[in-house]
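Visitor: For the protein sequence lines, the chains are A and B, in the order given. Residues in the first sequence are numbered from 1 upward in steps of one, following my numbering. Residues in the second sequence are numbered from 1 upward in steps of one, following my numbering.
Treat the hints as calculated values from the structure; they're not laboratory data. Among the hints, erroneous ones may be present.
No copy labels: a pair is met if it fits in one copy or bridges any two.
What the hints assert, rightly or not - Below, a list of computed lysine to any residue pairs in the SDA-like style, where the Cα atoms sit at most 20 Å apart:
| no. | residue 1 | residue 2 |
| --- | --- | --- |
| 1 | Lys46 | Asp83 |
| 2 | Lys50 | Pro72 |
| 3 | Lys46 | Glu105 |
| 4 | Lys46 | Tyr29 |
| 5 | Lys50 | Asn32 |
| 6 | Lys46 | Ala27 |
| 7 | Lys46 | Asp88 |
| 8 | Lys35 | Arg115 |
| 9 | Lys46 | Asp24 |
| 10 | Lys91 | Thr117 |
| 11 | Lys46 | Pro98 |
| 12 | Lys35 | Asp88 |
| 13 | Lys95 | Ile18 |
| 14 | Lys50 | Lys95 |
| 15 | Lys35 | Asn16 |
| 16 | Lys95 | Asp81 |
| 17 | Lys46 | Asp74 |
| 18 | Lys50 | Glu66 |
| 19 | Lys46 | Thr77 |
| 20 | Lys50 | Arg123 |
| 21 | Lys46 | Lys91 |
| 22 | Lys50 | Asp24 |
| 23 | Lys35 | Ser99 |
| 24 | Lys46 | Tyr78 |
| 25 | Lys95 | Asn16 |
Number of protein chains: 2
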Amino acid sequence: MANHDTDTLARDETTNMISSEKVDGTAVYDRNGDKIGSVHHLMIGKQDGKVRYGVISFGGFLGMGENYHPLPWDMLTYGIDHDGYMVDFDKDALKDAPSHPIGQEPIYDRAYDERVTTYYGQRR
Amino acid sequence: MANHDTDTLARDETTNMISSEKVDGTAVYDRNGDKIGSVHHLMIGKQDGKVRYGVISFGGFLGMGENYHPLPWDMLTYGIDHDGYMVDFDKDALKDAPSHPIGQEPIYDRAYDERVTTYYGQRR
Chain A
1 MANHDTDTLA RDETTNMISS EKVDGTAVYD RNGDKIGSVH HLMIGKQDGK VRYGVISFGG
61 FLGMGENYHP LPWDMLTYGI DHDGYMVDFD KDALKDAPSH PIGQEPIYDR AYDERVTTYY
121 GQRR
Chain B
1 MANHDTDTLA RDETTNMISS EKVDGTAVYD RNGDKIGSVH HLMIGKQDGK VRYGVISFGG
61 FLGMGENYHP LPWDMLTYGI DHDGYMVDFD KDALKDAPSH PIGQEPIYDR AYDERVTTYY
121 GQRR
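With the hints as constraints, model all of the structure from the sequences given.
Guide: Here it is, written out as structure tokens:
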């Protein structure tokens, strides 16, 4: 879980890199500045070492049970003012987005990539 | 912290991706199969979303105080037999490697990249 005092911020964000410790647990805000959840974990490409998804927990924010929404990593922008990640859509867009309860993770194959990318592409 | 039962393995390693939950806390073994530490956290490029370093905790294994060794991510290979990461050098190579105590993280700039890459390049 991230610890967001100023010291940690300086320590975990030296120059152009960020620590996974800082990412996990960090708040996520929609385009209106409303908090919609937090980063639960990342999905990382094994071959190329690229972060593909920030998997967001919205439990409690959308009136649903605990549910995880994989968001393409390039949709998340770190906003230092908010000390959290910003996504450029409204939280209503998440209600029908690809998601899963814990323990029922999707197969992260090409078809899933396309499904997620298409969904969010149409909502921007 | 990773949880390494068969269920988690299947869940966190669908096809070509791995969860950050699985990576943090995972054991690291040297080329002789000796356990030398575990992954404490990852350092991720903010712009390109690439994992640059697995920061390894060797506390207790090398007879030093708790100390962190950033290893270039492409030096770590996941070995399913060991349920951990393998590095292709001997643990003695770590004694003089770039490392830092907690709270004294380096500036991850180009000079640091070069220092680490050069160090391990000469030890292979």
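Visitor: When the hints from earlier in the document are held up against this structure, which numbers fail?
Guide: 5, 8, 11, 13, 14, 15, 16, 18, 20, 21, 25
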